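**Student:** Could you put the whole structure together from the sequences, leaning on the hints where they help?
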Amino acid sequence: MFVIVVGCGKIGYQLSRALLAADHEVVILERDSHRAARAAEELGSVIISSDGTEPTVLTEAGASRCQLLIATTGQDATNLVACQVAKRSFRVPQTIAVVTDPDHVALFKQLGVDVTISTTELILSHIEEEMPGGPLVHLLPIQGAASGIVCVRVPAGSPAIGRSLAVMGLPVGTSLAAVVAKNGEIKSIGPDLLLEQDDEVVAITPPDKETLLWRALTGGA
Amino acid sequence: MPRNVMILGCGRVGAMVAKALAAEGDDVIVIDRDADNFRRLAEAPNLRMIVADGTSSEELRRCGIEGVDAFISLTAQDTVNALAAQMAQLSFGVASVVCRINDPIRRAMYDELGLRTVSPPQVMTDLVLEALGS
Chain P
0 MFVIVVGCGK IGYQLSRALL AADHEVVILE RDSHRAARAA EELGSVIISS
50 DGTEPTVLTE AGASRCQLLI ATTGQDATNL VACQVAKRSF RVPQTIAVVT
100 DPDHVALFKQ LGVDVTISTT ELILSHIEEE MPGGPLVHLL PIQGAASGIV
150 CVRVPAGSPA IGRSLAVMGL PVGTSLAAVV AKNGEIKSIG PDLLLEQDDE
200 VVAITPPDKE TLLWRALTGG A
Chain S
0 MPRNVMILGC GRVGAMVAKA LAAEGDDVIV IDRDADNFRR LAEAPNLRMI
50 VADGTSSEEL RRCGIEGVDA FISLTAQDTV NALAAQMAQL SFGVASVVCR
100 INDPIRRAMY DELGLRTVSP PQVMTDLVLE ALGS
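Chains P and S supply the protein sequences, listed in that same order.
Per numbering that gives the first Met the number 0: the first sequence = residues 0 to 220.
Per numbering that gives the first Met the number 0: the second sequence = residues 0 to 133.
Keep in mind that the hints were calculated from the coordinates and are not lab data.
Some clues are possibly wrong.
Unchecked claim - Dumping the calculated EDC-like pairs for lysine to aspartate or glutamate here, alpha-carbon to alpha-carbon at most 20 Å: (1) Lys9(P) - Asp100(P); (2) Lys86(P) - Asp33(S); (3) Lys86(P) - Asp110(S); (4) Lys108(P) - Glu57(S); (5) Lys108(P) - Glu120(P); (6) Lys18(S) - Asp35(S); (7) Lys186(P) - Glu199(P); (8) Lys86(P) - Glu120(P); (9) Lys9(P) - Asp50(P); (10) Lys86(P) - Asp113(P); (11) Lys181(P) - Glu195(P); (12) Lys86(P) - Asp102(S); (13) Lys108(P) - Glu111(S); (14) Lys18(S) - Asp33(S); (15) Lys18(S) - Glu42(S).
To be verified - Take a look, some chain P residues computed to stay more than 10 Å from chain S by CB distance: (16) Val2; (17) Lys9; (18) Glu53; (19) Glu59; (20) Gly61; (21) Arg87; (22) Leu135; (23) Leu138; (24) Pro140; (25) Ile141; (26) Leu164; (27) Val179; (28) Gly183; (29) Lys186.
If you're wondering where the values come from, they're calculated on a predicted model, not measured in any experiment.
Quick reminder that beta carbons are idealized off the backbone N, C-alpha and C, glycines included.
**Tutor:** And the structure:
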């Protein structure tokens, strides 16, 4: 695949290296000439030291035959404009923008960016996963629905331990999708299901029921 | 009737537009990331200056974007202007949005996308040609 990567900071550099290693054709656009020169020593002559939001630069980079543009700079505004120009002026079929402000995820989608990756949200969800006490981790929003898929680890001392699903009673509107025990065994969902400590519970819930669901599974306040 | 206008960017252009609108009696909020840039403006009862990042919807909300009739992005960076203006239009539903885009090709694209754009290089070129009498 022919991929244009805008921005050769940490994300852009590592990404380009991986794409090149997988035999993709890659052109990197990096405005900062020092950074571009440094990366060129490692990656070879795949870097153009220019502004990837400029239509003339994208023309030079061959954007009209590019299949995927990934904008990885630290500036959300730059990443948005690079994707919009690629999409509108060069008909690039797939665009991906990295964003740092989670509020921009929905906006960028509305503005035609195919995929937005929020670094802040990614880091937050990883931190949440590592924290003790069974926090609620957002796995995936369900497209077109108000609900999302979340995951909660049942902590020690949770009132849900040892009680069957029928007895425990989940908030109305929520539903369990899967329960994975600590040893990796997948438990079958049914009224007789008994939850144990360290079970990973994957559930579907609307946002306003998250707290109730989390309390039911962890006993937290 | 005085309008509520928010201007992003207090460079030369932003400051002049802010002064002109305030002189006409509009209520003007000027936003810039750098407080130093407000030296271009004089205090006036209908002119507020706020240090904020115009690419953040949270900060725009804090500055009161939800109550404005018009939003004008006039920073020196096309990318910042494009993001802020589209946010004002789509996320906040501001009735009148004007956006400075220097690059002519990008400008044509944003015109097509429904933004009202102004391009200083284009304006300058037109004026110079006119002054030459061509």
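**Student:** A separate judgement is required for each hint: does it hold in the structure or not?
**Tutor:** A quick look at each hint next to the structure:
Of the pairs offered as hints, the one joining lysine 9(P) and aspartate 100(P) holds, with about 18 Å between alpha carbons and a cut-off of 20 Å not exceeded. About 33 Å separates the Cα atoms of lysine 86(P) and aspartate 33(S), which puts this hinted pair outside 20 Å; it is violated. Distance restraint check for lysine 86(P) and aspartate 110(S): the Cα-Cα separation of roughly 15 Å lies within the 20 Å cut-off, and the hinted pair is therefore satisfied. With a C-alpha separation of about 18 Å, the suggested pair lysine 108(P) and glutamate 57(S) falls inside the 20 Å cut-off, and the hint holds.
For the proposed pair lysine 108(P) and glutamate 120(P), the alpha carbon gap of about 16 Å is at most 20 Å, so the pair holds. For the given pair, lysine 18(S) sits about 17 Å from aspartate 35(S) by alpha-carbon distance, which is consistent with the 20 Å threshold. For the given pair, lysine 186(P) sits about 10 Å from glutamate 199(P) by alpha-carbon distance, which is consistent with the 20 Å threshold. Between lysine 86(P) and glutamate 120(P) the CA atoms are separated by roughly 25 Å; this puts the pair beyond 20 Å, and the hint is violated.
Pair hint lysine 9(P) plus aspartate 50(P) holds up; C-alpha atoms about 17 Å apart against a cutoff of 20 Å. Straight-line distance between C-alpha atoms of lysine 86(P) and aspartate 113(P) comes to about 9 Å, which keeps the hinted pair within the 20 Å bound. Our distance criterion of 20 Å between C-alpha atoms is met by lysine 181(P) and glutamate 195(P), whose separation comes to about 9 Å. Restraint check: the Cα-Cα separation between lysine 86(P) and aspartate 102(S) comes to about 17 Å, which is no more than 20 Å; the hinted pair holds.
Our distance criterion of 20 Å between C-alpha atoms is met by lysine 108(P) and glutamate 111(S), whose separation comes to about 18 Å. Between lysine 18(S) and aspartate 33(S), the direct Cα distance comes to roughly 18 Å. Compliance with the 20 Å bound is thereby established for this hinted pair. For the suggested pair lysine 18(S) and glutamate 42(S), the alpha carbons sit about 10 Å apart, so the restraint of at most 20 Å is met. Every C-beta of chain S lies more than 10 Å from that of valine 2(P), the closest at about 21 Å, which supports listing it as non-interface.
The beta carbon of lysine 9(P) sits about 20 Å from the closest Cβ of chain S, which is more than 10 Å, so the claim that it is off the interface holds. With a least beta-carbon separation of about 6 Å from chain S, glutamate 53(P) fails to lie farther than 10 Å from that chain, contradicting its non-interface assignment. At roughly 13 Å, the least C-beta separation between glutamate 59(P) and chain S is larger than 10 Å, which holds for a residue marked as non-interface. Every Cβ of chain S is farther than 10 Å from the Cβ of glycine 61(P); the closest lies at roughly 16 Å, confirming the non-interface assignment.
Look at arginine 87(P): its CB is around 5 Å from the nearest CB on chain S, not clear of 10 Å, so calling it non-interface is violated. Every Cβ of chain S is farther than 10 Å from the Cβ of leucine 135(P); the closest lies at roughly 23 Å, confirming the non-interface assignment. No Cβ of chain S comes within 10 Å of the Cβ of leucine 138(P); the nearest lies about 25 Å off, and the non-interface call holds. Every CB of chain S is more than 10 Å from the CB of proline 140(P) (nearest about 18 Å), matching its label as outside the interface.
In this structure isoleucine 141(P) is separated from chain S by more than 10 Å, as the shortest Cβ-Cβ distance comes to about 22 Å. The beta carbon of leucine 164(P) sits about 40 Å from the closest Cβ of chain S, which is more than 10 Å, so the claim that it is off the interface holds. With a closest Cβ-Cβ approach of about 36 Å to chain S, valine 179(P) is found to remain outside the 10 Å limit, as its non-interface label requires. Even its closest Cβ contact with chain S, about 41 Å, leaves glycine 183(P) beyond 10 Å, as expected for a residue assigned away from the interface.
Every beta carbon of chain S lies more than 10 Å from that of lysine 186(P), the smallest distance being close to 41 Å; the non-interface claim holds.
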